[in-house]
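Visitor: Here's the letter readout for the chains.
Number of protein chains: 2
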Amino acid sequence: MAGKGNFMDNKEKLGLIVSKVKSPDKKYYVLAQEKLDNLTKPLGSLGRLEELAKQIVGISGNLEPVLDKKYIVTMAADHGVVDEGISAYPQEVTLQMVYNFLRGGAGINVLSKHIGAEVVVVDMGVASDLEKSPSLINKKIGYGTKNMAKGAAMTSEEAVASIIAGIEIVEEYAKKGAKIIGTGDMGIGNTTSSSAIVSVIAGVDASMVTGYGTGLDEKGLANKIEVIKKAISLNKPNPNDGLDVLAKVGGFEIGGIAGLVIGCAYMKIPVVIDGFISGAGAMIAQSICPASKEYMIASHQSVEKGHKVMMDKLGLKPLFNLDMRLGEGTGAALGIGLAEASVKILNEMATFKEAGVSEKSS
Amino acid sequence: MAGKGNFMDNKEKLGLIVSKVKSPDKKYYVLAQEKLDNLTKPLGSLGRLEELAKQIVGISGNLEPVLDKKYIVTMAADHGVVDEGISAYPQEVTLQMVYNFLRGGAGINVLSKHIGAEVVVVDMGVASDLEKSPSLINKKIGYGTKNMAKGAAMTSEEAVASIIAGIEIVEEYAKKGAKIIGTGDMGIGNTTSSSAIVSVIAGVDASMVTGYGTGLDEKGLANKIEVIKKAISLNKPNPNDGLDVLAKVGGFEIGGIAGLVIGCAYMKIPVVIDGFISGAGAMIAQSICPASKEYMIASHQSVEKGHKVMMDKLGLKPLFNLDMRLGEGTGAALGIGLAEASVKILNEMATFKEAGVSEKSS
Chain L
1 MAGKGNFMDN KEKLGLIVSK VKSPDKKYYV LAQEKLDNLT KPLGSLGRLE
51 ELAKQIVGIS GNLEPVLDKK YIVTMAADHG VVDEGISAYP QEVTLQMVYN
101 FLRGGAGINV LSKHIGAEVV VVDMGVASDL EKSPSLINKK IGYGTKNMAK
151 GAAMTSEEAV ASIIAGIEIV EEYAKKGAKI IGTGDMGIGN TTSSSAIVSV
201 IAGVDASMVT GYGTGLDEKG LANKIEVIKK AISLNKPNPN DGLDVLAKVG
251 GFEIGGIAGL VIGCAYMKIP VVIDGFISGA GAMIAQSICP ASKEYMIASH
301 QSVEKGHKVM MDKLGLKPLF NLDMRLGEGT GAALGIGLAE ASVKILNEMA
351 TFKEAGVSEK SS
Chain U
1001 MAGKGNFMDN KEKLGLIVSK VKSPDKKYYV LAQEKLDNLT KPLGSLGRLE
1051 ELAKQIVGIS GNLEPVLDKK YIVTMAADHG VVDEGISAYP QEVTLQMVYN
1101 FLRGGAGINV LSKHIGAEVV VVDMGVASDL EKSPSLINKK IGYGTKNMAK
1151 GAAMTSEEAV ASIIAGIEIV EEYAKKGAKI IGTGDMGIGN TTSSSAIVSV
1201 IAGVDASMVT GYGTGLDEKG LANKIEVIKK AISLNKPNPN DGLDVLAKVG
1251 GFEIGGIAGL VIGCAYMKIP VVIDGFISGA GAMIAQSICP ASKEYMIASH
1301 QSVEKGHKVM MDKLGLKPLF NLDMRLGEGT GAALGIGLAE ASVKILNEMA
1351 TFKEAGVSEK SS
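Chains L and U, in that order, are what the protein sequence lines are. FYI, in our numbering the residues of the first sequence are 1 to 362. FYI, in our numbering the residues of the second sequence are 1001 to 1362.
Please note: incorrect hints may appear among the correct ones.
As the list claims (entries may be wrong) - Restricting the straight-line Cα-Cα distance to at most 27 Å, the calculated cross-link-like pairs of lysine-lysine (DSS-like) are:
1) U:K1150 to U:K1229
2) L:K132 to U:K1353
3) L:K219 to U:K1360
Hint data in this document are derived by calculation from the structure and do not stem from the laboratory.
Okay, chain L solo, but in the shape it has when bound:
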């Protein structure tokens, strides 16, 4: 299968990449602030747009960043834990939605087009074979994870391979000139896996971070919480070892998203984190590669219970809250729109001097 190299090679590659991720050079934050403070507006009056512009300058090491090549990478995979009845939708919806992405009919297609981004669809581990398509990248690690309520979701080898697959995608799109990348997901059952991840890493009870997903009722939610608790007590993931958490209660697309984040940090590309599932991937990434956090831009506050705990643990503050919970990268797409607006402010606004506008009298 694609995405799978030799385990030791993959593990070594991941270790090497993680060791090369450094914090952005702080001097660019200072230079960007100086530039912003000369623009024709009261100091700081564009609030978080200014912070966003500074972060992108810092990450890219470019005082005039132009986000002309934008990608949303939507990672799809299936989850063995669906056998426990934790989703309101049948498993085949993962496959059906991947085809919907490829035909351009999903929410993520519409919002990506709106902001001028290209959608990259990745088969990280859908439960059946997909027809070939020029818009589909095959990084299949397996035909869905195993049922985490009965054992580990995947092997350590698969966990590493899923992350490497994500990194490889960033390397490929960096060559194509990617200036910003948004994360996205599709996978029936993946809010269960994501709740398990945040429960373990943040050290909070599953009931505090488990929500209705795509539309469970109260009874379904109670069952979902029990399944997560069972999976955690059975597999005993090590909260301080992101790879172990990914292998035991994660998903292939979540590993892929962790890889996207680490890959973006490695290639110095800002990475816009979508909602709950992408947040789980970001938690895995931060556990493995703490410096990757400074490359993350949190897009929206998801409705899904547990997302706030995730953001707090990551130390991220989402840009907006529109009560969304679709996934796919839809929040990331809107976030990229704001990121682009922020750098345009930096690049296109006139300075006080250029415009002949008087500065504050003080």
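Here the structure of chain L is known, so what remains is to put chain U in place on it, guided by the hints.
Guide: Then chain U, alone, in the frame of chain L:
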């Protein structure tokens, strides 16, 4: 001067227009909801984007609204109350910024271009004459308002004329095919006027709704609050009469914005309200024409103290909070971007049937 008709004619025109503003037809909300619920996503999972799409369908009476013609109308005027030392910037900045708008160098130019909107700059009452420009509309009511700390800011005739000027602009741009309009402002001193308006209409003490504006210090803020209290106690505006409030403590651009809102409600065009100053205009509009509220879309939660009281009184919930406080229409521009995203969801996403995706199993 432009924008000034005969008082009785203007008053009659305003009354006639207000009497013709009706609530949007609720049947379109139902039809839009049905359409949204057939799209390939869990029910309601796009949250406020779905509400926004429904509102725009309801306002326009069109199940496939296309927001291809977008305008930000930035209204500029001066305020006599600057004599009281309530602003951190000198009065000439109003004029200088209008020229900056016309040359395309301001924040609103950059963000409007980003979302594909045209900026319409209106001289509602700048304190000096402006050079003619094809992009500038002259609706000058006067050379700045009078100092409200010493008497009424304007006459009743001027208040009505400023609102009529805003309505006329909507009529003109509706003919050009405007599908959505954002409000914007420029006017040194106008947070003082806006705080006075919200203090009077919401019935709260000036100290609760007065903020730092473009950058006052603590001493400046204390003075600003005293000036507002003095203006209110001297002029005694009637809290239940928006026209009286506008005349006594308002501004020409705020009257213009109230006119934009009423004009949009009259012409069935969604109107996106910017921040604090536009919120004051929206309060005047709601007081004069309560049904106009259903045509308003609140864009962002402003940093400026008092904006939350304003939104609560209006019954509006802003779409996002990016800690912005620039005005000009910058928040409205980002809000229009979201509005356009919302109707594209409605128009461009595939249905479950079209995409062959299974629906929720329940």
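Visitor: Hint by hint, note whether the structure agrees.
Guide: Going down the list of hints, with the structure as the test:
About 12 Å separates the Cα atoms of K1150 of chain U and K1229 of chain U, which keeps this hinted pair within 27 Å; it holds. With a C-alpha separation of about 23 Å, the suggested pair K132 of chain L and K1353 of chain U falls inside the 27 Å cut-off, and the hint holds. This hinted pair checks out: K219 of chain L and K1360 of chain U have alpha carbons roughly 16 Å apart, not beyond 27 Å.
Of the numbered hints given earlier, the model fails none.
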